[in-house]
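Number of protein chains: 4
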Amino acid sequence: MVKAGVIGSTGYAGAQLVSLLANHPHISLTYLGSHSYVGKRFSSIYPSMQGSCDLVLEEEDIEGASRRCSVLFLALPHGMASKLVTKEILERCVIIDLGADYRLSDVSVYTQWYKSEHTSQHLLQEAVYGLSELKRPLIAKANLIANPGCYTTCSILTLAPLVAENLIERTSIIIDSVSGVTGAGRVERTDSLFCECNESFKAYGVTDHRHTPEIEQELSALAGQKTVVQFTPHLAPMNRGILSTCYANLKDGVGEDEIGAAYAKWYAEESFIRLMGTSLPETRFVKNTNTTAIGWKVDPRTRRVIAIGALDNLIKGAGGQAVQNMNIRFGFAENAGLASTVVNPL
Amino acid sequence: MVKAGVIGSTGYAGAQLVSLLANHPHISLTYLGSHSYVGKRFSSIYPSMQGSCDLVLEEEDIEGASRRCSVLFLALPHGMASKLVTKEILERCVIIDLGADYRLSDVSVYTQWYKSEHTSQHLLQEAVYGLSELKRPLIAKANLIANPGCYTTCSILTLAPLVAENLIERTSIIIDSVSGVTGAGRVERTDSLFCECNESFKAYGVTDHRHTPEIEQELSALAGQKTVVQFTPHLAPMNRGILSTCYANLKDGVGEDEIGAAYAKWYAEESFIRLMGTSLPETRFVKNTNTTAIGWKVDPRTRRVIAIGALDNLIKGAGGQAVQNMNIRFGFAENAGLASTVVNPL
Amino acid sequence: MVKAGVIGSTGYAGAQLVSLLANHPHISLTYLGSHSYVGKRFSSIYPSMQGSCDLVLEEEDIEGASRRCSVLFLALPHGMASKLVTKEILERCVIIDLGADYRLSDVSVYTQWYKSEHTSQHLLQEAVYGLSELKRPLIAKANLIANPGCYTTCSILTLAPLVAENLIERTSIIIDSVSGVTGAGRVERTDSLFCECNESFKAYGVTDHRHTPEIEQELSALAGQKTVVQFTPHLAPMNRGILSTCYANLKDGVGEDEIGAAYAKWYAEESFIRLMGTSLPETRFVKNTNTTAIGWKVDPRTRRVIAIGALDNLIKGAGGQAVQNMNIRFGFAENAGLASTVVNPL
Amino acid sequence: MVKAGVIGSTGYAGAQLVSLLANHPHISLTYLGSHSYVGKRFSSIYPSMQGSCDLVLEEEDIEGASRRCSVLFLALPHGMASKLVTKEILERCVIIDLGADYRLSDVSVYTQWYKSEHTSQHLLQEAVYGLSELKRPLIAKANLIANPGCYTTCSILTLAPLVAENLIERTSIIIDSVSGVTGAGRVERTDSLFCECNESFKAYGVTDHRHTPEIEQELSALAGQKTVVQFTPHLAPMNRGILSTCYANLKDGVGEDEIGAAYAKWYAEESFIRLMGTSLPETRFVKNTNTTAIGWKVDPRTRRVIAIGALDNLIKGAGGQAVQNMNIRFGFAENAGLASTVVNPL
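Those protein sequence lines, which keep their order, are chains A, B, C and D.
For what it's worth, this note's numbering labels the leading residue of the first sequence as 223, then goes sequentially.
For what it's worth, this note's numbering labels the leading residue of the second sequence as 223, then goes sequentially.
For what it's worth, this note's numbering labels the leading residue of the third sequence as 223, then goes sequentially.
For what it's worth, this note's numbering labels the leading residue of the fourth sequence as 223, then goes sequentially.
Derived by calculation from the structure, the hints in this document are not laboratory data.
Hints may be right or wrong, so weigh each one.
If chains are identical, the list can't say which one is meant, so a pair holds when it fits in one copy or spans any two.
With a straight-line cut-off of 30 Å between C-alpha atoms, the simulated BS3-like cross-links for lysine-lysine are [what the hints assert, rightly or not]:
{"no.": "1", "residue 1": "473", "residue 2": "225"}
{"no.": "2", "residue 1": "473", "residue 2": "519"}
{"no.": "3", "residue 1": "519", "residue 2": "448"}
{"no.": "4", "residue 1": "357", "residue 2": "262"}
{"no.": "5", "residue 1": "487", "residue 2": "262"}
{"no.": "6", "residue 1": "262", "residue 2": "337"}
{"no.": "7", "residue 1": "337", "residue 2": "519"}
{"no.": "8", "residue 1": "448", "residue 2": "473"}
{"no.": "9", "residue 1": "225", "residue 2": "519"}
{"no.": "10", "residue 1": "519", "residue 2": "357"}
{"no.": "11", "residue 1": "262", "residue 2": "519"}
{"no.": "12", "residue 1": "448", "residue 2": "363"}
{"no.": "13", "residue 1": "305", "residue 2": "487"}
{"no.": "14", "residue 1": "225", "residue 2": "487"}
{"no.": "15", "residue 1": "487", "residue 2": "337"}
{"no.": "16", "residue 1": "473", "residue 2": "363"}
{"no.": "17", "residue 1": "337", "residue 2": "305"}
Required output: the full structure, derived from the provided sequences and hints.
Have a look at this one:
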């Protein structure tokens, strides 16, 4: 059994991760760090986990934790992980960071979007962007894995085959995404109160959401040239789920056949991607799973493709992909401890 | 036009009250006090109110406000109003307090349930319990009106005819109530986050909720003897609404006819009470209105009556009843500025 | 008092319309036709309306109703109104059709999108497209008013100034919309069950939703040339509300100033349009009102404008705009019986 | 691997059962019968199950199915199972009926509450009431297992120790329950539409819900004398979950210690019952699990106990307990294929 720890374990992403690790066949959950609940049992914060994870929450001490664990997950606000991780820690412990600090390889892009200096530039070259399906060989060898954002994972997976196979006009990409409220984290703020979210729908982060440069970085790499996207997130009154509706102009000669072939070529063998063709995904189809479902339609009137991806933001969009990356890194079966289909359909 | 002010105007109860006052035919809304948003426009906090109430929020200054307004509403956490109100203020300004400080006439009961000393005992005898339908003559002359709690209003109105007409066993009363989440106020706490309330149901305040002594006080007065009730509130994943399911053993000889006659006798002429008989109320039937809907069934197997009341916790349960009380106090039509039926059924 | 009737009065759009008419200062609600509930009281189907509208539902008889009423609203599935309306009826009664039959002036477009023949071509030239803010002079004289669709109203109002002022590339328009579930009507089908909609989000009608040609017809008229749009509706787990996120490439030299000036020029005087600038609308801001709220952002990176409109699909998107059109047609104050701000903010 | 089949597999209870059986370590899912979807794949009705259960739905043929399967689950409207099951079928196949037909051992009680004749009286004595924790020895040998109702399971498990240990007044029991909307099944009716349930709360079946006699039958058996209860179900706007708030007068001398001891005596060893003491359960704590969580408070003022039970109505309240019963009957580990804690806390 591999010993694992989580720093930032009581936020929504952290707690989802804990619940997956607690049921993982090859993992011994050893350490849970918390900012706010030191000394309490994890299951007193999440009573649903009684009997499944009753560990006592400890101080957030990456130094000590990295000596007790072979893999350490960080689920912290941005800017914090990069202050904690060191070369020495990475030599003895695999770090999987669910935050944003190591996702952007170009420091100037980080500075531009996050409006702050990067405090750990020297480790950026060690970091691998942990989009499991696209980076397996690198993830398998990395000691610092930057787990992608939730919108990012959904958007990149939905668009990757179209961009990589050169089927769409790069400059025309528009990603219109919707998330459930767990995406805002377990933070006490007015905007996240039940009555402020319930029975309403809104856009936010229009033109400046920080997942934009991640998407651009990865699509640019796939395209072989700089790719700029329009990304607009929205908030829907539900707990979980992301749906990304992606628009792009088709290149000449590209139609449904080419689109379908590209998706099949890239994903037919992937156990955590479900291709739905023209029967489109709904977020509930992948709720509580690590699966990304993708469907698409070609519009002959407008010569556009509308590709729609759906995933569970806390699983494939956070804790689940972190476990998937750990599985790749440690040589476990890639689906160990992860569900690809919903156990309970509602 | 009567000048009115609100202290604590940006909480949910306060904001609902503001929206009613802003549309009231006889009121000039003159002063809005706020703890957290001084200097901002009310409509910047509640953009839905743009054009309807764009007043700038001011410091909470009851002294000054009572000189500018003829009626002042207090929507504050318990224990605060009783520190602010004075005899002098009451001489020049009608105070309608939506908090708990002046609801209980027996100071020892207050101390027992609120675990704190009452700081304004000398004014308690001036206060009238503002349950409009039951206290009209007193409200019409009072300068200090203690607006009842939301659960309280629903429970007392539902049970009053049964208790007053001596149709049920006083010791058998059980009130099982459910509220929407606005009842918890606009307070930044984990329990009120969307994802903590959504898709779940729970009881809280079991055996010790502070609305219990209010209900007992008023039912005791109606019964002519001390009446103890079992009151259990629950939280449902919706914004608004309270439903109280009230159980009591029938006295000998009492059946459906007597129950129906009692409700008709007490409420047939009330414009804000809708008697539904055995077709029972749902909270949506009274959402966004000042109406309390009441239905009932007699169970011949168990010799109990199950009486069910429903109201909108922010209107009849808070701001609406406050306006109703103001209307009574100032001699306006009792329904001025208040809706008794839903304009929009969903 | 003008006598009004509604055919199809128990669906969601019809019921919303009834509730507005029942409270309208110049209307005497005279006739309610229903397919399924003949002989029952309206308020037995919608108990929230008890005391507000207790009319008995009658057979759907447009002939008879048009003799009893001066204005008749039709809220029927598409293809039905055009079988019922005749020249004779239009001579004695103003018809406001909330359905799709008279919205498209080009019969071939109707046939293409609705996959059926149009049965009332001879009356199409009499019909005026009832988008109140854009067609006032025509509406004021029309006896057959085709009330626009919900998505349509939101999309056209949001884009009209940008298209008419020639600020955006016509071929680049993408409209990504979201609706609450009342948009699906009060129809007993699996897709609309609580548990099938709750906690999920999906796109539907991708590339072929029937509101597309309406939007194109009106934007083409504003642009002075044929305009094709990409329109994608989605379903969110809430009762009411539409949010349209509209994307378009800016023409050279166009920036925030030009965009803002165009909106001000077109809408500054409109009582039912609220311009929010870069502070964007949420559907709750206009819930239960006839207002459309519009905000926008210019993205300098992509040279696009993202304009976001929000409205209540049952009011401005259906019954409210129908009343607004009636007000225009009958010379009432345009806001008679209609709220522009929310009485209850939650 | 034991071959299993389900008749009525596409309703919510049936589908939940299918999803559990599809992932069960000792079961080969062999036959799925459907009334409405014959010839379609199960996963086309529930796309979330793609890859997990792609069986083609067959005609509902209990005769044929009982020859192909060793265990057959019936998830049918009441009155249908009793027309299908025969002695011959029971000789070759274990029947686990999720409906009501075999739950009541007294035919006259069935007739009284279901208002119809029982068509299979001769098999009633073969049937065992499948409340797993209370009937294990009988279940282990039964060929006809009557799986209890959802409210029933929650209510009986919550009250059993108090009744059996003679701690409460039998005549004082009041059960106030709340269910999510899956409890209404996947039936196309107006009452179950999203917009009719969302943002509202109601009681239904007051005094005459059919789960009442089940609860009385089992509590009477535990008490050793006839026990009548007051049972009132409510509907909350959420997909899953039942919470039962149970009230009873304490016998003399009974206090918190005796209550706690009784629960511990009965349930301390039960893997699917979580005793929470005075920290009360919420439905989300057991969502997606087979666990029943129970908490309680003693009210010294009223001398009552308030015991609160929570379960997932589709799992412990339907499909999960059916699997648990199968596990008992076939000698599998009782928790095979069943989760006792939530994998995903939200």
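Results of checking the hints against the structure:
Taking CA atoms no more than 30 Å apart as the test, residue 473 paired with residue 225 passes in neither setting, with 49 Å inside one copy and 52 Å between copies. Both within a single protomer and between protomers do residue 473 and residue 519 lie at most 30 Å apart by alpha-carbon distance, with minima of 15 Å and 28 Å respectively. For the identical chains of this complex, residue 519 and residue 448 are neighbours both inside a copy (26 Å) and across copies (24 Å), given an alpha-carbon limit of 30 Å. Taking CA atoms no more than 30 Å apart as the test, residue 357 paired with residue 262 passes in neither setting, with 37 Å inside one copy and 38 Å between copies.
Only between protomers do residue 487 and residue 262 lie at most 30 Å apart by alpha-carbon distance; the minimum there is 28 Å, versus 49 Å within a single protomer. With identical chains, the CA atoms of residue 262 and residue 337 are at most 30 Å apart between copies only, with a shortest distance of 27 Å across copies and 35 Å within one. Taking the shortest Cα distances, residue 337 and residue 519 sit within 30 Å of each other only across copies (20 Å), while inside one copy they are farther apart (38 Å). In this assembly of identical chains, the alpha carbons of residue 448 and residue 473 lie at most 30 Å apart whether taken from the same copy (17 Å) or from different copies (23 Å).
In this homomeric assembly, residue 225 and residue 519 never come within 30 Å of each other (Cα to Cα): the closest approach is 45 Å inside a single copy and 40 Å across copies. In this homomeric assembly, residue 519 and residue 357 come within 30 Å of each other (Cα to Cα) only inside a single copy, at 27 Å, whereas the closest approach across copies is 35 Å. When the C-alpha separation of residue 262 and residue 519 is checked against a cutoff of 30 Å, the pair qualifies only between copies, where the shortest distance is 23 Å, while the shortest distance within a copy is 50 Å. In the homo-oligomer, the alpha carbons of residue 448 and residue 363 lie at most 30 Å apart inside one protomer (27 Å), although the nearest pairing across protomers, at 56 Å, exceeds that limit.
For the identical chains of this complex, residue 305 and residue 487 are neighbours neither inside a copy (41 Å) nor across copies (51 Å), given an alpha-carbon limit of 30 Å. Taking CA atoms no more than 30 Å apart as the test, residue 225 paired with residue 487 passes in neither setting, with 37 Å inside one copy and 37 Å between copies. In the homo-oligomer, the alpha carbons of residue 487 and residue 337 never lie at most 30 Å apart, since the shortest distance is 39 Å inside one protomer and 36 Å across protomers. In this assembly of identical chains, the alpha carbons of residue 473 and residue 363 never lie at most 30 Å apart, being 37 Å within a copy and 48 Å across copies at closest.
For a Cα distance limit of 30 Å, the shortest separation of residue 337 from residue 305 inside one copy, 16 Å, qualifies, whereas the shortest one across copies, 45 Å, does not.
Checked against the numbered hints listed earlier, the structure breaks hints 1, 4, 9, 13, 14, 15, 16; every other hint is satisfied.
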